[in-house]
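K.L.:
Chains R, V, W, E and D with the ligands: place on chain C using the hints.
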Amino acid sequence: MITATATALDAGLVLANVLSPKVLFFFLGAIAVLLNADLEIPAPLPKLFSLYLLMAVGFRGGMALAKDGLGGQVIITIAVSVLMAAVIPLICFCILRLRFDVFNAAAISATYGSISAVTFIAAESFLQAQNISYDGFMVAPLALMESPAIIVGLVLVRLGSRQARPGSDGMNWRKVLHESMLNGYVYLIAGSLVIGFIASIYSPAGVEKMEPFVYKFFYGVLCFFLLDMGIVAAQRFKDLKKAGAFLIFFAILMPMFNALIGGLVARALGLGYGNALLFIILCSSASYIAVPTAMRMTVPEANPRYYISSALGLTFPFNHTIGIPLYMGLVYKLIPASI
Amino acid sequence: MITATATALDAGLVLANVLSPKVLFFFLGAIAVLLNADLEIPAPLPKLFSLYLLMAVGFRGGMALAKDGLGGQVIITIAVSVLMAAVIPLICFCILRLRFDVFNAAAISATYGSISAVTFIAAESFLQAQNISYDGFMVAPLALMESPAIIVGLVLVRLGSRQARPGSDGMNWRKVLHESMLNGYVYLIAGSLVIGFIASIYSPAGVEKMEPFVYKFFYGVLCFFLLDMGIVAAQRFKDLKKAGAFLIFFAILMPMFNALIGGLVARALGLGYGNALLFIILCSSASYIAVPTAMRMTVPEANPRYYISSALGLTFPFNHTIGIPLYMGLVYKLIPASI
Amino acid sequence: MITATATALDAGLVLANVLSPKVLFFFLGAIAVLLNADLEIPAPLPKLFSLYLLMAVGFRGGMALAKDGLGGQVIITIAVSVLMAAVIPLICFCILRLRFDVFNAAAISATYGSISAVTFIAAESFLQAQNISYDGFMVAPLALMESPAIIVGLVLVRLGSRQARPGSDGMNWRKVLHESMLNGYVYLIAGSLVIGFIASIYSPAGVEKMEPFVYKFFYGVLCFFLLDMGIVAAQRFKDLKKAGAFLIFFAILMPMFNALIGGLVARALGLGYGNALLFIILCSSASYIAVPTAMRMTVPEANPRYYISSALGLTFPFNHTIGIPLYMGLVYKLIPASI
Amino acid sequence: MKRLDLIVSERELESVIKALDEAGAPGYSVIRPVTGRGPDTYVTEGMDFSGLGANAHVIVFCEIEVLEKLRVSINPILNYYGGVAYVAEASPL
Amino acid sequence: MKRLDLIVSERELESVIKALDEAGAPGYSVIRPVTGRGPDTYVTEGMDFSGLGANAHVIVFCEIEVLEKLRVSINPILNYYGGVAYVAEASPL
Amino acid sequence: MKRLDLIVSERELESVIKALDEAGAPGYSVIRPVTGRGPDTYVTEGMDFSGLGANAHVIVFCEIEVLEKLRVSINPILNYYGGVAYVAEASPL
Ligand SMILES: Nc1ncnc2c1ncn2[C@@H]1O[C@H](COP(=O)(O)O)[C@@H](O)[C@H]1O
Ligand SMILES: Nc1ncnc2c1ncn2[C@@H]1O[C@H](COP(=O)(O)O)[C@@H](O)[C@H]1O
Ligand SMILES: Nc1ncnc2c1ncn2[C@@H]1O[C@H](COP(=O)(O)O)[C@@H](O)[C@H]1O
Ligand code: NA
Ligand code: NA
Ligand code: NA
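From first to last, the protein sequence lines are chains C, R, V, W, E and D.
If you use my numbering, the first sequence corresponds to residues 1 to 339, in order.
If you use my numbering, the second sequence corresponds to residues 1 to 339, in order.
If you use my numbering, the third sequence corresponds to residues 1 to 339, in order.
If you use my numbering, the fourth sequence corresponds to residues 1 to 93, in order.
If you use my numbering, the fifth sequence corresponds to residues 1 to 93, in order.
If you use my numbering, the sixth sequence corresponds to residues 1 to 93, in order.
Quick caveat, the hints were computed from the structure, so don't treat them as lab data.
Fair warning: there could be bad hints in the mix.
Claimed, not checked - Derived DSSO-like pairs: lysine-lysine, alpha-carbon spacing no greater than 30 angstroms straight-line:
no.: 1; chain 1: C; residue 1: K47; chain 2: D; residue 2: K18
no.: 2; chain 1: V; residue 1: K175; chain 2: R; residue 2: K241
no.: 3; chain 1: R; residue 1: K242; chain 2: E; residue 2: K18
no.: 4; chain 1: W; residue 1: K69; chain 2: C; residue 2: K47
no.: 5; chain 1: C; residue 1: K242; chain 2: W; residue 2: K69
no.: 6; chain 1: E; residue 1: K69; chain 2: E; residue 2: K2
no.: 7; chain 1: D; residue 1: K18; chain 2: V; residue 2: K238
no.: 8; chain 1: D; residue 1: K69; chain 2: E; residue 2: K69
no.: 9; chain 1: V; residue 1: K67; chain 2: R; residue 2: K216
no.: 10; chain 1: C; residue 1: K242; chain 2: R; residue 2: K238
no.: 11; chain 1: C; residue 1: K242; chain 2: W; residue 2: K18
no.: 12; chain 1: V; residue 1: K175; chain 2: D; residue 2: K69
no.: 13; chain 1: D; residue 1: K18; chain 2: V; residue 2: K216
no.: 14; chain 1: C; residue 1: K47; chain 2: C; residue 2: K333
no.: 15; chain 1: V; residue 1: K242; chain 2: D; residue 2: K69
no.: 16; chain 1: C; residue 1: K47; chain 2: V; residue 2: K216
Claimed, not checked - Under 7 angstroms between C-beta atoms, here's a sample of chain R residues computed to sit facing chain W:
no.: 17; residue: K47
no.: 18; residue: S50
no.: 19; residue: G71
no.: 20; residue: Y185
no.: 21; residue: V232
no.: 22; residue: A234
no.: 23; residue: Q235
no.: 24; residue: I289
no.: 25; residue: P292
no.: 26; residue: R296
To be verified - Here chain D is said to cover these stretches of chain C; the calculated rule only asks that three of the stretch's residues, wherever they fall, bring their Cβ under 8 angstroms from a Cβ of chain D:
no.: 27; region: 41-48
no.: 28; region: 142-155
no.: 29; region: 198-208
no.: 30; region: 230-238
no.: 31; region: 294-300
Each residue gets a CB set at the ideal place from its N, CA and C atoms; glycine is no exception.
Chain C on its own, in the form it takes in the complex:
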């Protein structure tokens, strides 16, 4: 009985999500590739959109953080999410080693340990549309989960690959840490968060003038960006098909499994509905920003076709369409209503 209601609910949520402008624009981009329509969003426009989105989401997070403070669940939730970024790659690695060599397995694992900022943003939009509240501090892990995932990925390569690797003599951990923590996007989201926080306290007039930019304009740019992501994802999906069925299954089942773990942890942390969904998204989404860049530099033996295409070609679309509402259904089942 409860299950039936929950399932019915899920279907409604899926529909509400799939028929929202953001997801429809994503489809529009993907269908353009399938129909071979001559639609193109040339460089550096996608970069403009992603810079804007990260800047705005960071700033909004900082504003929320300034309002809500750092007490209560904040520190513990952030700490646990960083822990998840290290634990999830380990699980992924064990599964991926069934079919892939150490290099590819480690690179893909790192990707899934980290997060997709745009999926997070889409989940926020979803929560807003559903009138479910969430806390601004949940943005912080966006800036903190890339590094542990990258580091665990590299440790796995180290442990797993017996022979010496050309680039790895006295392997520059400094360079790796630099790449993972000072990746431009990670830096921008972290910086915007801090700015949003500081300005909220010391410059309310400035924040007020910033608001139309970070709020009113946001959803439209998200749609524009997802149009481009639809194009990219569909192109990547073609690549993914060449990589075989194992990776295709992995790219759908792994996020769901990570979502389940995330849901259980969220429940243990006592998070409310909104925060629990965002926590799950942090766990189940996969990075296509800092991690691939770091992997290219440090594990060039791994084929980008695998780690980029699985994250972008399948996990990303899956999470955006079915994943978010599905995880919301999960939240409803796992989290006691009283919170």
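P.N.:
Chains R, V, W, E and D with the ligands in isolation, oriented as in the chain C frame:
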């Protein structure tokens, strides 16, 4: 007496239109070229603006369509506008053949059969400023009038050119249809229309979040885009002068003639003031997007200097400055006030 | 006692300015360079922002001008600011000749005679945050102060360099005037001002539709642009260090000295608090747009490292962080409160 | 090894790349947008907004045999639609 | 045929193109923005916002006679404002 | 003089430029983004948004001695990360 009032009205309309920011920014761009000022809007920024404008105008059209429904004049008006896209090139062709070979005549004709989305957008702005209502469904022809114009253009080339052409053995109609219907811009406007329609029904929360993006921001981007179009049009006008007086006259008189036909058809269709003006714009404006692209591919014998420069260098500025208010005057004369 | 209050006031002003989003984003960009973070805003995105900012600030100025009219202090203030653009380079030249050859001294002088539109914009934002009123006509000098500074710079080169220069036979003053008056950015700000003025009078509906674009969106783009400027300034600062201590001192002390002159002139002109600050900014800021471009063309003997790096690498950041509030303190001291 | 430089309209890029793939080129690089002028055509960035685009510059390092095949497949495209193709010597670093 | 590669500041592009036209070059292609470094100058994209721009790369395929004329008209520009110009062999595909 | 054309990922651009500086190249020019294909890799503009970027084209006009040094410093980068490097003759205009 009535004529005097109407003419006086026209002058007021022309002034109101010419002194609006959008037209003034167009002039600013054009004058920059005349004065050889170093003003440049580098690629791909103009593409960003045109993608945005098409996306927003499509989405707004879809929203309006969802509100107004598909009943009444909708289907018939759309069907007739598609017919106009096939009829107008035939008329143009007869006139152009006086001076041009089959290839150039057909390519220019196709251009005038199709439409200019930005002129349409400017006419919408004009109507809003004049507080004249119009219907959202009038956007639909923007996505539907390119293909018939292109096809008629190619049929004219086929019939007109006796000897076999190198590219035309078993001439790939499929490729032509693909190019005309899946041109990126046509696809984007059609897709955004559908998304606006669907989202209005199923995702009101999403639509609400989309509104600031597609409304508040719209007019400013239009001005920015018209600044660029002023630059491009002035450059193209230089080209046009080399093409001779015939084409210059054609590029002004033909739109006026097409506007007249359009006005009579609009009256026969029983359209109101606003819709009648938009219908006239569909008839009198000339394409510089999908059609030139298709013509380049399928009629490379034609000189782009002719078909692009006439549409962009003269018809576009004419319609934006004098055309729109002139056609409004025509509407006031042709359409019974009661509608 | 009064001094103590004023100083305390300054510290508060500095804090309010330095902790505003716009300055914090500037720092974020600069710190990215120091930490070697991989943050990049690729071309032509910065151009998009600067085109937008100039267009918007010009349009807003035109609107204000239409509201306030051209009476009272307007003409005289504008005329004096143009005069300042010619006088300040002369002072700078005398100082710079202590260390630099004629070519470099003249080029740097011209830079400081002209203005930084973005510093002006930041000062406007500062005034708004402080709820201090100012007049729209103060924008006009932005378009008028480049040319005199450039011309004085060239006259100094002529007088100062004894031997004949290769490019200077029958030196094309026409080309120089063209470059200085029809520089794309100068042209755009002047044109937008005129458009804002005309449209305010003849097209209130158009202006109303323009408002969200030029107001709501403005501060966010300013922050985005300042993020980029932070990156550029920090890179240029590295260059500046190579140029030696003299230029470093010059790039901080000269703006302060020019600000003092500006403050005294503002007092003599009887300007109010807001206008006085803006007038000081016109005097103390240095150009990195039209002047370097003109200098490159007409004084290629001068090293861009000097004139660009001093203006961008130090004067710009100084004015944005400490300068604006410092000058506000100066205004409070110099200008009688009654105005 | 040979170096082939192709400058064609962005509109023909797809068919040129198809020809490269079919001729067995080991790789290629594409730069765009490129503006320029030919004997009687003129290509600017101005049409960027329209989707008509500008030109693209394609660089191919390949063996001479590949060029033989390209001569057959690419020259007709260039003759019909315009564009230039030049060959030079090149040796790996 | 010859291939000429010019790398000049975007600010000098107009006068370089004028020189090409006057020397009778059959065509040219322009790529920009280009960044780079010379013996003592350094050009980045950073000044893009200011209108000062970066560099442009101009490719010209032409007969040797055209080069003779360009030597006279373009070399002074390069010497005064900076930039490089190199010639290589090229033959049509 | 020699002309060296390098096509490498934007991610390796920094280390390539470092190698050029260390080898004493008198200058270089960089064009980006560049897309392309190698024997088994494929680079599009699609990853632009992600910071992974596309390729860059580096042109170096230099003496043959510089090339000798570059062979040592740059070839390992190309072998490990991918990219191509070709040398041709060039003479100043
Ligand atoms: N001689 C040339 N040197 C360099 N590029 C050329 C030359 N001729 C033509 N092009 C390029 O090829 C494009 C097409 O030229 P065309 O085949 O004349 O239409 C032009 O827009 C130029 O970008
Ligand atoms: N040796 C070189 N190889 C390739 N490009 C160069 C070289 N020297 C200079 N350049 C380019 O030419 C521009 C101007 O150089 P310069 O004449 O030294 O000011 C530089 O910014 C580079 O883009
Ligand atoms: N034969 C070639 N000709 C021109 N460019 C190439 C060639 N092979 C590779 N490239 C370029 O070098 C990049 C890296 O190639 P690879 O080393 O195969 O990963 C490709 O993306 C192309 O842009
Ligand atoms: Na994850
Ligand atoms: Na038409
Ligand atoms: Na000044």
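K.L.:
Against this structure, judge whether each hint is valid.
P.N.:
Consistency of the hints with the structure:
In summary, the hint linking C/K47 to D/K18 is supported, as the alpha carbons are separated by about 26 angstroms, within the 30 angstroms threshold. With a C-alpha separation of about 27 angstroms, the suggested pairing of V/K175 with R/K241 holds against the 30 angstroms cut-off. At most 30 angstroms may separate the alpha-carbon atoms for a hinted pair to count; R/K242 and E/K18 meet this at roughly 20 angstroms. Using a Cα cut-off of 30 angstroms, the hinted pair W/K69 and C/K47 is violated, with the two alpha carbons roughly 39 angstroms apart.
Only pairs whose Cα atoms come within 30 angstroms are accepted, and C/K242 paired with W/K69 is accepted, the gap being roughly 29 angstroms. At most 30 angstroms may separate the alpha-carbon atoms for a hinted pair to count; E/K69 and E/K2 meet this at roughly 13 angstroms. In summary, the hint linking D/K18 to V/K238 is supported, as the alpha carbons are separated by about 18 angstroms, within the 30 angstroms threshold. At most 30 angstroms may separate the alpha-carbon atoms for a hinted pair to count; D/K69 and E/K69 exceed this at roughly 36 angstroms.
The straight-line distance between the Cα atoms of V/K67 and R/K216 is roughly 23 angstroms, inside the 30 angstroms bound, and the hint therefore holds. Pair hint C/K242 plus R/K238 does not hold up; C-alpha atoms about 52 angstroms apart against a cutoff of 30 angstroms. For the given pair, C/K242 sits about 20 angstroms from W/K18 by alpha-carbon distance, which is consistent with the 30 angstroms threshold. Restraint check for V/K175 and D/K69: not satisfied, since their Cα atoms lie roughly 46 angstroms apart, outside the 30 angstroms limit.
A hinted pair counts as satisfied when its Cα atoms are at most 30 angstroms apart, and D/K18 with V/K216 does not qualify at roughly 44 angstroms. Pair hint C/K47 plus C/K333 does not hold up; C-alpha atoms about 38 angstroms apart against a cutoff of 30 angstroms. Of the pairs offered as hints, the one joining V/K242 and D/K69 holds, with about 28 angstroms between alpha carbons and a cut-off of 30 angstroms not exceeded. The straight-line distance between the Cα atoms of C/K47 and V/K216 is roughly 23 angstroms, inside the 30 angstroms bound, and the hint therefore holds.
Against a cut-off of 7 angstroms between C-beta atoms, the interface hint on R/K47 holds, since the closest Cβ of chain W lies about 5 angstroms away. Of the supplied interface hints, the one on R/S50 holds, with its beta-carbon coming within about 4 angstroms of a beta-carbon of chain W, less than 7 angstroms. Interface hint at R/G71: violated, since its Cβ lies 34 angstroms from the closest Cβ of chain W, which is beyond the 7 angstroms cut-off. Look at R/Y185: its Cβ gets to within about 6 angstroms of chain W, closer than 7 angstroms, so that hint holds up.
Interface hint status for R/V232: upheld, as the beta-carbon distance to the closest one in chain W is roughly 4 angstroms, under 7 angstroms. With 7 angstroms as the threshold, the beta carbon of R/A234 stays out of range of chain W, its nearest partner Cβ sitting at about 10 angstroms, so the hint is violated. For the restraint placing R/Q235 at the interface with chain W, the shortest Cβ-Cβ distance is roughly 6 angstroms, inside the 7 angstroms limit, so the hint holds. The criterion of a C-beta within 7 angstroms of any C-beta in chain W is met by R/I289, whose closest approach is roughly 5 angstroms, and the hint holds.
A hinted interface residue such as R/P292 counts as satisfied when its beta carbon comes closer than 7 angstroms to some beta carbon of chain W; here the least separation is about 5 angstroms, so the hint holds. Look at R/R296: its Cβ gets to within about 6 angstroms of chain W, closer than 7 angstroms, so that hint holds up. Residues of the region 41-48 of chain C with a Cβ under 8 angstroms from some Cβ of chain D number 5, which satisfies the need for three, so the listed coverage holds. Proximity of the region 142-155 of chain C to chain D, defined as three or more residues with a beta carbon under 8 angstroms from a beta carbon of that chain, is not established by the 0 residues found.
With 0 residues having a beta carbon nearer than 8 angstroms to a beta carbon of chain D, the region 198-208 of chain C misses the requirement of three or more and the stated coverage is violated. Closer than 8 angstroms: that is the beta-carbon criterion, and the region 230-238 of chain C has 4 residues meeting it against chain D, so the requirement of 3 holds. Proximity of the region 294-300 of chain C to chain D, defined as three or more residues with a beta carbon under 8 angstroms from a beta carbon of that chain, is established by the 3 residues found.
Hint violations for this structure: numbers 4, 8, 10, 12, 13, 14, 19, 22, 28 and 29, all remaining hints satisfied.
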